[in-house]
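Keeping the supplied structure of chain A fixed, place chain B upon it in accordance with the hints.
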Amino acid sequence: MMSRLSLFLVVSVLGSQWGFSQEAPVKIDLEDPNLVFVPDSVIPIPLEIFASLDKMGAQDWGRQIESRDFRVDTNRSRTAMLFGLVISEGFIGVQAEDKESVRRLGRDVLALAQPLGVSSEVEVHANAIINGAGRGEWENVRQELDKTRQTVINKMKENRDEQLVALVSLGGWLGGTEALASVLRDNYSAEGSDLLNQPDLIKQLKSDFNGLPKRARRGDLFTQVSQTLEHLESLMRSDDSGAISEGKVIEISLATRNLVEAIYES
Amino acid sequence: MRVRLSALLLAFGIICASAQEEQLPALDNPHNYMKVLAQKAALPTLQGDEKFILRESWWSGNMEPGKAKLIQVQLFRRNSYQFWLAMPSRDAEPLINVYDSEGNLVPSESFDFEGKNIVSTMVQPEITGVYYIRVSLKTTIENPQDWAVIYAYR
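Same order as they appear, the protein sequences are chains A and B. Every letter in the first sequence is one number past the one before it in this note's numbering, and letter 210, counting from 1, is 236. Every letter in the second sequence is one number past the one before it in this note's numbering, and letter 63, counting from 1, is 64.
If you are wondering where the hints come from, they were derived from the structure by calculation, not from laboratory data. Computed from a prediction, not measured in an experiment: that's the story for all the values here. Each statement offered as a hint is correct.
Here are some chain B residues the structure puts well away from chain A; computed CB gaps all over 10 Å: (1) 31; (2) 49; (3) 50; (4) 66; (5) 89; (6) 90; (7) 141; (8) 142; (9) 147.
If you want the footprint, here are the derived chain A segments under chain B, 3+ residues with CB under 8 Å: (10) 52 to 59; (11) 66 to 77; (12) 172 to 182.
Quick list of simulated restraints, FRET-style, between CB atoms: (13) B:115 with A:280: 52 to 60 Å; (14) A:213 with B:128: 16 to 24 Å; (15) A:95 with B:63: 40 to 48 Å; (16) B:50 with A:265: 32 to 40 Å; (17) A:98 with B:115: 50 to 58 Å; (18) A:89 with B:52: 21 to 29 Å.
Ideal Cβ placement from N, Cα and C applies to all residues, glycine included.
Here chain A stands alone, though its shape is the one from the complex:
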């Protein structure tokens, strides 16, 4: 079997080395107008951030799980943000290995997929999440969550619902940031606080949000989104020591929590 697999895996590593590649420039001018940037932005998933925090010691992720109810209305922009939030809660459930919360999330994902027009694409993943959580297969559930997020984004792009893509990403980032800030607030360390140093990422999220058509961000909820992003941009920036102060972490935690609750309750 091994030799067959080796035959199949025609790509094999020839070698590796640490250091700098000789052909690559040692420095690039990021202001160079001739630079070509790839437009597609990738927002980190919560587990990517949690993985870093867990390297500093085990965290109590179970405390971050909250059973929040929501009502689906005709506002697809809010539904898209809710979708991102629910996925991020799934990642928290996976980190905490909490079967019930992840199974609930699988059902929530299905409920939100329908008004977003992505039911058929999501169904197989949602079922895999529910079944995987029931069996405690956390690696599979993690993979299915990321696939769900990506599948929905791909389908929305195909449907020319780009504004919804930005809102799903924003919701996912918000949910992960709320959990991260909450963990850091309860157990502050200067070293861990650097994970909230995301000024360029917020700038990008803000730009994506402000670039949405006005009809997609009309209403009090979206005014709050805009104000919160503005506020977070000033908070989520490390000081000269590379840390974010405990006071700022508390503010980040409160601001993200208020917005998450507003999205659920509006």
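Same frame as chain A, but now just chain B:
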């Protein structure tokens, strides 16, 4: 030819545990094909005790000889990240490097693969923040190349 197709499908099947239930990517799309090539190269890194976790997000495009493109990513301290770049031509000799938010080349561990059309780099960011993945193509190749970049973390 059958062996190559089997290899492709097997590799993709390992990566996507539930591939049987899903639509496989259209491999006639050159970007999807490049992605699968990169995934095949990544496979050994995605298994075992010290495995990396592959993200579903990826990037693709087309590149002129001698040109470079930059991909912006947010990376987190204490994590390791590995990126794979694949192009179709075995003469492409692509390059992939990571730069910090000041434009400085980040120390990395680089890997190359049989065929010379797939390369990979691993970095351990010293600070949390925005980084730039620079993908480039040597100047002497004749044709523009499709490309795909995937990444994983641990």
